[in-house]
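Work out the full structure: start from the sequences and follow the hints.
Residue numbers (the numbering used here), protein chains in the order written: chain P, 1 to 275; chain Z, 1001 to 1324.
Rather than coming from a laboratory, the hints here were simulated on the basis of the structure.
Note that the coordinates shown come from a computational prediction; the quantities given were computed from them, not determined experimentally.
Be aware that one or more of the hints could be misleading.
Listed next, the stretches of chain Z that the computed footprint assigns to chain P, with coverage defined by at least 3 CB atoms under 8 Å from CB atoms of chain P [unchecked claim]:
| id | segment |
| --- | --- |
| 1 | 1080–1090 |
| 2 | 1112–1119 |
Here are the simulated distance ranges between beta carbons [to be verified]:
| id | chain 1 | residue 1 | chain 2 | residue 2 | range |
| --- | --- | --- | --- | --- | --- |
| 3 | P | Thr193 | Z | Glu1152 | 26 to 36 Å |
| 4 | P | Ser48 | Z | Pro1014 | 46 to 56 Å |
| 5 | Z | Gln1252 | P | Leu27 | 32 to 42 Å |
| 6 | Z | Ser1212 | P | Gln43 | 48 to 58 Å |
| 7 | P | Trp54 | Z | Gly1144 | 28 to 38 Å |
| 8 | Z | Glu1152 | P | Ser194 | 28 to 38 Å |
| 9 | Z | Asn1308 | P | Gly72 | 17 to 27 Å |
| 10 | P | Arg216 | Z | Pro1014 | 39 to 49 Å |
| 11 | Z | Ile1314 | P | Asn223 | 54 to 64 Å |
| 12 | Z | Asn1068 | P | Arg186 | 48 to 58 Å |
| 13 | Z | Asn1068 | P | Arg110 | 14 to 24 Å |
| 14 | P | Ser48 | Z | Glu1152 | 10 to 20 Å |
| 15 | Z | Glu1091 | P | Asp31 | 23 to 33 Å |
Idealized CB from N, CA, C, for every residue including glycine.
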Amino acid sequence: MTQALPTRRAAPGRELAGFFSDLAAGLRMTDLWRTFAWDEMQQRYRRSMLGVLWIVIAYAIFVGGVSIIFSGFSRQDGAFFVMHVAIGYAAFTFITGNIVDGCQVFVGARAWIHSIALPHSIHVYRSICRSIFTFALQFVVALAIMIAAGWRPTLTGLWVLPAIAVFLLNAVAIQYLMGLISARFRDITHLVTSITRLLLFVTPILWTRFDLRGVRSTIADFNPVAHYVEIFRAPLMNLDPRPLSWAVVLVLTGLIWLGAIIAAARMRRRLAYWL
Amino acid sequence: MSRIRVENLHVNYPLYGRSRAAAGLTETDADLGRMLRGPDGRVIGVRALQGISFTAEAGDRLALLGENGSGKTTLLQVLAGIYAPDDGVVEIDGRTTALVNINLGMNAEATGHRNITLRGLASGRTRDEIEDKRAEIAAFSELGDFLDLPVETYSAGMRMRLSFAIATAFEPDVLILDEWLSAGDAAFRKKATERMRRFVDKAGILVLASHSPSLLSDTCKRALWLDQGRVRAEGPVGDILKEYNAEMERRQVSRDERAQTEIAAAQAARAAMQAEAEERAARKGRGLKPGYADGGTGGTGAEPDLDNPLARLIRRIISFLSGR
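Following this line, the structure appears as structure tokens:
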């Protein structure tokens, strides 16, 4: 359909600049991807009576169930463990959700990509917008649980703001990168799904880092997702964020963006052919 | 001022594993030049467009003519900005609207009204501008209360009417249409043709690809004839149509003749194979059905599907289990 830009010139070359102007042009069309995201949410819960409320219910059931069963395996105090699960799982879902959704971000938008010359980033923002919505609802549940468990906000908690900013920054690059790669190589989607399933068990959510000793605690540090969860969860639990976690997250953020830039420079133009 | 400039445009359509080694057995000489082959001889892509150049100025109504597979739709998709050129330059001044596929560019689960909003936003319009046009779109599409139903409940003709109404309501500078009006009934076609003419009078550019000579000559002034991904001819629509139709008739005749000889050759080859298989079965002293004869050497061209080690192994196992 309509081209948003009045003048357009298409010729090979200048791939790198193309990626950044794609990101910027998409960001300007806020109204469009917000509408897309909202429609998608509504369609997912269409004809269910409780609708979007299911996100809240499902999350409460998960946190409740896990807390009852797994707190017995932890040496931590009951309230501490519940908060640990409630915040940790929301952060975990956001990060892994963006990786998994990223695999579908362009494949799922095939019909639109084949019919309108929109910035590809539109589809990325739409997908992130949806995951933020879920994240926000889950966070509200976590907050309610925490307050019920006697948690009160502290100054350390402010560290959560840069953590959220870094999460969003990562989400853009992760989804763009995964979207391009899995549009070209369809096996990636299946690989990612199976790895994410495993990640839930090797990330300190159902167990705490403090329960581990020696070698095992060192090995747990090799899981990058654990550090993402850590920078978000620690401040909310009145723990000072670990410098190691922030360092790992920042380095990874840089690497993921680098990967996205390289992938975009090489693959972005051909995307429509792969769908 | 709207303008289209296309210079030496090349597009290769990659296949990514969609082709098989056997593809190409039935290629004609003309097709051979269009297949892109990898080092192992597999077809890895199609040269969809090979060096297209043309320009269109404000007020132009350009018809695109060509057989199936001549590159019409690919060219429209490149003009629409959906596919990127492999080489050459595509320059378009003006807001472009392309209706290339009737089923795309709509959210099928959303209502007609919701899709008006979505496509308006996708066109870079504000919500106010969309609301200003909503009544006009509803009237032109003649969909009435259907606009409150999901688009998936529409017929092809209804979808087309809605798409066309939305696309033209926002008054693009360049309008690109592919085979669209064929889905509408005569009354709508007339209305749409009129709207396109008015649109072009406002100094827009229309590019229309169609197989309908009457639609093209009614709507367009100039024609571009695409053949094998190249521009075969360009000129006034009447002349080009005449030339094109004559050529198509010639081709159909020669194609029919070739098809006859090919069928005859294939039948002869198959008969020879069967005779050979029967002979072998007779030698073995078993009453094998000719169709299941196991040559052991694999396919001879007629059944390329079975000519791989795995299939051969499976056939061996089956024949072993059945006691032969």
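- [ ] Output the numbers, in ascending order, of every earlier hint that fails for this structure.
- [x] Of the numbered hints given earlier, those the structure breaks are 4, 5, 6, 9, 11 and 12, listed in rising order.
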